[in-house]
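Given chain C's structure and the hints, the job is docking chain H onto it.
Below, each chain spelled out in residue letters.
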Amino acid sequence: MKAHVLTDAAPPSDRFRRVLQEELARRCARNPRYSLRAFARYLSIDHSTLSQLLRGRRRFTSRTIERVGKRLSLSPDMITQFVDREREPTESWTSRELRQLSRDAALSLAEWHHHAILELTRLASFKPDVRWISRVLDVPVDDVNMAITRLARLGLLDMRSRTTWVDAAGNAEARIDTLSVRAISALAGRARTLVGMQGGPPAHYSATTVAVKTTTGRRIAERVEQFRREIAELLEREGGDRDQVYCLELAFFPVADLTTTES
Amino acid sequence: MGQPVMQWQILARDPDKLTAFYGKLFGWRVNADNPMGYRMVDTGSERGINGGVWPIGSEGHPLVQLFVEVTDVAACVAQAEQLGGQVLIPPQVLPDGDELAIVLDTEGLSLGLMKPRSVTV
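Sequences listed follow chains C and H, in order. Note that this note's numbering has the first sequence beginning at 1, numbered continuously upward. Note that this note's numbering has the second sequence beginning at 1001, numbered continuously upward.
Next up, chain C with everything else stripped away, as it sits in the complex (with noise of 0.2 Å):
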């Protein structure tokens, strides 16, 4: 779900995992040579364990969120509140949504191209060839190989020998949580291109505009993000080679603030 624009008042990080994706978004906006080991070493954790909990793979503790929250200079306040929210068992959907945004935010991958190298990893026919990948993107080498530095530099991509490369970003649910609004904008113009080609590989794309009660939002927000956890489950019990690369976009959110009291 891509639920950008946000009517909810929920407080922008009332998760721990998205405090950390947004400090080290920030150090890397500051430094563009910032890496995820830099920011371990400051908050005192191996590095690998710090990307798992960066990438929803493991769960915080109370003494690890304890201790970098000190790190950070949270108050103990705040540091208590975390400490609770971590042990619920269920996050909202708004909720869910300001942990992908802070989630772009950490990754500072604004570009489209970032993920799907990622993801062509995955396929069978991957050919670690920065060439080959800007082909098949329609991306130009010179942007190809900043990603690459980027991913790599960023510990989401393991060139681990000459021909094989690893998407080391998430299970399938983050993989699904992973795309930014510009990211989105640009994909739209990929599709105009690839949905409909003649031969082409199955595609679905399609919108509507529609007046509903809040309660019914509600419900259509549900029902989204069940499909949602299926498309994960799926992707995740998917076996056998890939041959395709596919952008799932999935977006229900008001588009009339109407909270204003301005006559």
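To be clear, the hints were calculated from the coordinates, so they are not data collected in a lab. Note that the structure is predicted; figures quoted are calculated from it, not measured. For glycine and all other residues, C-beta sits at the position ideal for the given N, C-alpha and C. Wrong hints could be hidden among the right ones.
Said to hold, decoys possible - So these bits of chain C aren't anywhere near chain H, every CB distance computed over 12 Å:
1) D129
2) G155
3) T215
To be verified - Covered, in the sense of this in silico footprint (three residues per stretch, anywhere, with C-beta under 8 Å from a C-beta of chain C), are these stretches of chain H:
4) 1051-1061
5) 1086-1096
Relative to the frame of chain C, chain H by itself:
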């Protein structure tokens, strides 16, 4: 045996403009026909070392890096960290088989550690 500097690399915001400049100034030749599309620069001399140009985008910071040949990239990266350096890019194996990592020295200068595929320990 020593740890020689094997290559220089220029990180450039506009690689094509840069290579055109050096091509006209020094007669250096560029060849990007390799799996990374990497602009390898041949100075045309048997003396000195050759180099390459890597893209960094319009917002990057141009600089020159040196690439030092090592026999064990991972071990050298670990040693660099112990000595006060930082890892920028952990060891990666390039499509041509060369192994490469980028670290920062104590001045914050980036440095390439490379083990060519032809090197045997």
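Now the hints, each set against the structure:
| no. | hint | in the structure |
| --- | --- | --- |
| 1 | D129 | violated, 4 Å |
| 2 | G155 | violated, 7 Å |
| 3 | T215 | holds, 46 Å |
| 4 | 1051-1061 | holds (count 7) |
| 5 | 1086-1096 | holds (count 10) |
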